[in-house]
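Enquirer: Read top to bottom, the protein sequences are chains A and B.
Using this note's numbering, the first residue of the first sequence is number 1, and each one after it goes up by one.
Using this note's numbering, the first residue of the second sequence is number 1001, and each one after it goes up by one.
These are computed hints drawn from the structure, not numbers from a lab.
Hints are not guaranteed to be accurate.
Within a straight-line C-alpha distance of at most 25 Å, the following computed SDA-like cross-link-like pairs (lysine to any residue) qualify [as the list claims (entries may be wrong)]:
#, chain 1, residue 1, chain 2, residue 2
1, B, Lys1065, B, Val1076
2, B, Lys1054, A, Ala14
3, B, Lys1054, A, Leu9
4, B, Lys1054, A, Leu23
5, B, Lys1054, A, Val26
6, B, Lys1065, A, Tyr31
7, B, Lys1065, A, Gly30
8, B, Lys1234, A, Pro141
9, B, Lys1054, A, Leu28
10, B, Lys1054, B, Leu1070
11, B, Lys1054, B, Val1076
12, B, Lys1054, A, Leu36
13, B, Lys1054, A, Phe160
14, B, Lys1065, B, Arg1086
15, B, Lys1054, B, Ser1134
16, B, Lys1065, A, His27
17, B, Lys1054, A, Leu13
Derived list of chain B stretches under chain A, where covered just means 3 residues or more per stretch with a C-beta under 8 Å from a C-beta of chain A [as the list claims (entries may be wrong)]:
#, segment
18, 1013-1019
19, 1201-1211
Treat the numbers as computed from the prediction; the structure is a model and nothing was measured.
Cβ atoms here follow ideal geometry from the backbone N, Cα and C, with glycine treated the same way.
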Amino acid sequence: MLVGLIIRLILMLALAALQVLVLNDVHLFGYATPMLYVAFLLRFPLNTPRVGVLLWAFLMGLTVDVGSGTPGMGAAAMTLAGMLCQPLLRVMSPRDATDDIVATPHSMGRMTHFHYVAILVVVHHAVFYLLESFTFHHPIPLLISFASSALLSLVLIIVFETLRLPKA
Amino acid sequence: MRELLQRLAQYAHWAVFLILELLAGIMLFRYNHYQQSVWLTQANAVVGRVLEWKAGMLSYVGLGKRNAELTERNIVLQMEATRLRRELGAAQPDSTDTDSLRAEALNGARLIPAQVVANSVRRDDNYLTINRGSADGVCPEMGVLSGTGIVGIVGKTSPHYALVMSVLNTQSSISCRLRGTEYFGYLHWQGGSPLRAYIDDIPRHARFEVGDEVETSGYSSVFPAGIFVGRVAKISDSADGLAYRLEVELSTDLANVRDVCIIVRDDAEELDSMIVEN
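Throw the hints in and build the complete structure from the sequences for me.
Expert: Structure follows, in structure tokens:
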């Protein structure tokens, strides 16, 4: 229990450090900034208490926020994605899946897993970019940053997950 | 009763969800308030240290380009020095003029050198973090300059770091005037290019042209008068048609700023208190 908690904390800090130190400086084509830390949500089994997932998601977003100077945006986006991830996993996991299923390409099937990640990424990025510019009237650049960042994050997360679990 | 509690427990995650979203919202909306603690910003001690380390690493990457810029700047300054020396020689009786101008510009002000450890120019509200804080005498509302012009205004400080509201922030508003005239307005940024900002409310009868220099007016205690801001790039009408709206090409490329100075004006409190009394 405690070990699991500590491992989760280390994973969170590692993802936040990766985001703040490396990924925040990526502005592909001037617009796309990948946000890999959404992948944190893929590490919770379906039977994790929902309050726990929410708190972890919030904390993950907050850590990235503090590091990248975006007040509350990552936290708000991650909390919403964290709220959605379990019902979504329940609906999209195979019929015969056990209650402790974790979202991997193997457990869900490659295509369903891809869709699952895509939905989470789109929800997270939509909230993030809307909050970033909701007082603002540049819809086209906003849409471009949102779409290109979401695409880049999605590709990165899928690659990350595939590399992490080569055979499983 | 127990059934009721169980029913409630089933929905606990909704309450937690709402509370967390509310917290995030509060953080978002209160970010610009000076009263709020500096804890959840890039200027907190741990994050500041990490970012400073990152900035130190990255500073090696751009050395070639920076060298080229410095060389270029050197040449410009040399040429300017030559020109000024010639002018000075021609106007020998008034030789105190330049000195007095400079002294006037920095009247009662000290400069604290600092380095940028974190920076953004791509958002609508951009901030910089610098590696000097309250322990070095930095307080909120102090102006920050680079070698080429204004950078922003200190918002929050922790003991060793400070969060600076960049000129490239939609909430930033800096009093500027056209050099050589008394016409002034407030410099605003509206997103988009990090080199373009706007001044509204320059009166219709003002005479100026594209390329004129814009400097700080000194009407607030943040910046002394006469600090270079940029040049007029385009002249258009304000929204209500009663004044001019100037597009200003900023002299400082904020995407690329590393060494800055904080202006400490010892007379700032006095000036502020007089403004309040009036």
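Enquirer: Hints broken by the structure, by number, lowest first?
Expert: 11, 14, 19
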